[in-house]
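Number of protein chains: 6
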Amino acid sequence: MAKTMKISARNQIMGTVKTIKKGPVSTEVVISITGGNEIVSSITTYSAEKMNLREGLKVYAIVKASEVMVGTD
Amino acid sequence: MAKTMKISARNQIMGTVKTIKKGPVSTEVVISITGGNEIVSSITTYSAEKMNLREGLKVYAIVKASEVMVGTD
Amino acid sequence: MAKTMKISARNQIMGTVKTIKKGPVSTEVVISITGGNEIVSSITTYSAEKMNLREGLKVYAIVKASEVMVGTD
Amino acid sequence: MAKTMKISARNQIMGTVKTIKKGPVSTEVVISITGGNEIVSSITTYSAEKMNLREGLKVYAIVKASEVMVGTD
Amino acid sequence: MAKTMKISARNQIMGTVKTIKKGPVSTEVVISITGGNEIVSSITTYSAEKMNLREGLKVYAIVKASEVMVGTD
Amino acid sequence: MAKTMKISARNQIMGTVKTIKKGPVSTEVVISITGGNEIVSSITTYSAEKMNLREGLKVYAIVKASEVMVGTD
Numbered sequence: 001m002a003k004t005m006k007i008s009a010r011n012q013i014m015g016t017v018k019t020i021k022k023g024p025v026s027t028e029v030v031i032s033i034t035g036g037n038e039i040v041s042s043i044t045t046y047s048a049e050k051m052n053l054r055e056g057l058k059v060y061a062i063v064k065a066s067e068v069m070v071g072t073d
Numbered sequence: 001m002a003k004t005m006k007i008s009a010r011n012q013i014m015g016t017v018k019t020i021k022k023g024p025v026s027t028e029v030v031i032s033i034t035g036g037n038e039i040v041s042s043i044t045t046y047s048a049e050k051m052n053l054r055e056g057l058k059v060y061a062i063v064k065a066s067e068v069m070v071g072t073d
Numbered sequence: 001m002a003k004t005m006k007i008s009a010r011n012q013i014m015g016t017v018k019t020i021k022k023g024p025v026s027t028e029v030v031i032s033i034t035g036g037n038e039i040v041s042s043i044t045t046y047s048a049e050k051m052n053l054r055e056g057l058k059v060y061a062i063v064k065a066s067e068v069m070v071g072t073d
Numbered sequence: 001m002a003k004t005m006k007i008s009a010r011n012q013i014m015g016t017v018k019t020i021k022k023g024p025v026s027t028e029v030v031i032s033i034t035g036g037n038e039i040v041s042s043i044t045t046y047s048a049e050k051m052n053l054r055e056g057l058k059v060y061a062i063v064k065a066s067e068v069m070v071g072t073d
Numbered sequence: 001m002a003k004t005m006k007i008s009a010r011n012q013i014m015g016t017v018k019t020i021k022k023g024p025v026s027t028e029v030v031i032s033i034t035g036g037n038e039i040v041s042s043i044t045t046y047s048a049e050k051m052n053l054r055e056g057l058k059v060y061a062i063v064k065a066s067e068v069m070v071g072t073d
Numbered sequence: 001m002a003k004t005m006k007i008s009a010r011n012q013i014m015g016t017v018k019t020i021k022k023g024p025v026s027t028e029v030v031i032s033i034t035g036g037n038e039i040v041s042s043i044t045t046y047s048a049e050k051m052n053l054r055e056g057l058k059v060y061a062i063v064k065a066s067e068v069m070v071g072t073d
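Chains as they are written, first to last, in the working numbering: chain D, 1 to 73; chain H, 1 to 73; chain X, 1 to 73; chain L, 1 to 73; chain U, 1 to 73; chain C, 1 to 73.
Excised from the complex, chain D in its bound form (with noise of 0.2 Å):
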């Protein structure tokens, strides 16, 4: 994970971190994007301590393209 890359990944947006949440394997972490927008990331507890996230971070939100749905009112 310590490897810098460029991904196919269609959905890179930037932000800060606003909060984290520990669980055992898994951890919920909130992203704040400009425009007032949170976007809500799962990952594993293992990643987000290797990862070293925190309250305040400069971080990406990533979401491939297929993961994506669209709903209309």
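Since the hints were made in silico from the structure, they are not lab data.
Nothing here was measured: the structure is a model prediction, and the numbers come from that model.
Check before you lean on any hint, since a few could be wrong.
Identical chains blur together in the list; that is why a pair holds if it fits in one copy or across any two.
20 Å max Cα-Cα, derived EDC-like pairs, lysine to aspartate or glutamate [said to hold, decoys possible]:
hint, residue 1, residue 2
1, K3, E49
2, K6, D73
3, K22, E49
4, K3, E55
5, K18, E55
6, K21, E38
7, K21, E55
8, K22, D73
9, K18, D73
10, K22, E55
11, K22, E38
12, K58, D73
13, K58, E38
14, K50, D73
15, K21, E49
16, K50, E38
17, K6, E38
Here the structure of chain D is known, so what remains is to put chains H, X, L, U and C in place on it, guided by the hints.
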């Protein structure tokens, strides 16, 4: 797909359809959200047509938290 | 999560919550559908609480077509 | 893909192939299950051909629990 | 989960369970594959127990092609 | 997609592009990894072109742990 409902997905971000690119089975939808970001979705062409997605339509980009990764510089 | 909407997910199957098993971050929801089948969902505990999921509640199991694999004997 | 195995996916629902729609890379498979429900799967055309999927074939719709969302009215 | 079958997932890589880390709902499984690589899986604890996963067991890491991203330097 | 970064995905396996099969919206990339295994990825054609993916290129196959299932004989 005619049913309206509330869903458990943590990420439900409001936006506007910017572009649509249709293939025989898959369709790519680019959604503009506030703050200047874009979210790209790949859904079935069937759904895109059924929902009558078109440029300018108000939509939501919906993503389950478990599908969101975190990146750092 | 208070917003009702129509979504592009091809699979939206009606059912009833049979059991809920909560962890600190993830919650497992077993949904009974017609024909005697069950569908198991793992969502964030936050969403499960926000939606007030409980046994006996009428719900939909929602799955994007790209997440469904096919098996044969 | 010739190997038979047991898998960890919590959802393995028996059904019958109703329709198949092939694109150059992606193929859409509609599976009828008991109780009158249908499950739609999008897989690679390569897999659809390799497995010799065809209308009327007995199959399983397989979904990991972490891919299932929950909706309410 | 007792049923053996062939599945459409394009990635079915043979390996051996190296470590297992159980949480109340989610369990993390590290699988060693040939060539010195490891693949990490997060599944429900229910499945891990039902399959009787344990260190040293021969297993397959199974991933749908639509879930694989590509990175470059 | 020009940004380099470190990502939370637990699986980041080095390999070489073996083949590429482009459709109008989706592209299939076969990646050879050490030990004789292959990993197949399906990404948007847009990303494949943007990243200039081509046979022989050194790449990483990236998969979130929550997308990996486990199979046994």
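Against the structure, the hints come out as follows:
1. With identical chains, the CA atoms of K3 and E49 are at most 20 Å apart within one copy only, with a shortest distance of 16 Å there and 23 Å across copies.
2. In this homomeric assembly, K6 and D73 come within 20 Å of each other (Cα to Cα) only across copies, at 6 Å, whereas the closest approach inside a single copy is 35 Å.
3. Taking the shortest Cα distances, K22 and E49 sit within 20 Å of each other both inside one copy (10 Å) and across copies (17 Å).
4. Taking identical chains as interchangeable, the C-alpha atoms of K3 and E55 are never at most 20 Å apart, the minima being 22 Å within one chain and 22 Å between chains.
5. With identical chains, the CA atoms of K18 and E55 are at most 20 Å apart within one copy only, with a shortest distance of 5 Å there and 33 Å across copies.
6. For the homomeric pair K21 and E38, the shortest alpha-carbon distance inside one copy (15 Å) is at most 20 Å, but the shortest distance between copies (27 Å) is not.
7. Within a single copy, K21 and E55 get their C-alpha atoms as close as 11 Å, which meets the 20 Å cut-off; across copies the closest is 26 Å, which misses it.
8. With identical chains, the CA atoms of K22 and D73 are never at most 20 Å apart, being 34 Å at best within one copy and 22 Å at best between copies.
9. Taking identical chains as interchangeable, the C-alpha atoms of K18 and D73 lie at most 20 Å apart only when they sit on different chains, with a minimum of 17 Å there against 29 Å within one chain.
10. In the homo-oligomer, the alpha carbons of K22 and E55 lie at most 20 Å apart inside one protomer (13 Å), although the nearest pairing across protomers, at 26 Å, exceeds that limit.
11. With identical chains, the CA atoms of K22 and E38 are at most 20 Å apart within one copy only, with a shortest distance of 18 Å there and 24 Å across copies.
12. In this assembly of identical chains, the alpha carbons of K58 and D73 lie at most 20 Å apart only when taken from different copies (8 Å versus 33 Å within one copy).
13. Within a single copy, K58 and E38 get their C-alpha atoms as close as 13 Å, and across copies as close as 18 Å, so both meet the 20 Å cut-off.
14. For the homomeric pair K50 and D73, the shortest alpha-carbon distance between copies (14 Å) is at most 20 Å, but the shortest distance inside one copy (40 Å) is not.
15. For a Cα distance limit of 20 Å, the shortest separation of K21 from E49 qualifies both inside one copy, at 12 Å, and across copies, at 15 Å.
16. In this assembly of identical chains, K50 and E38 lie within 20 Å of each other by CA distance solely across copies; the values are 17 Å between and 23 Å within a copy.
17. In this assembly of identical chains, K6 and E38 lie within 20 Å of each other by CA distance solely across copies; the values are 18 Å between and 23 Å within a copy.
When the structure is compared with the earlier hints, violations turn up for hints 4 and 8 and for no others.
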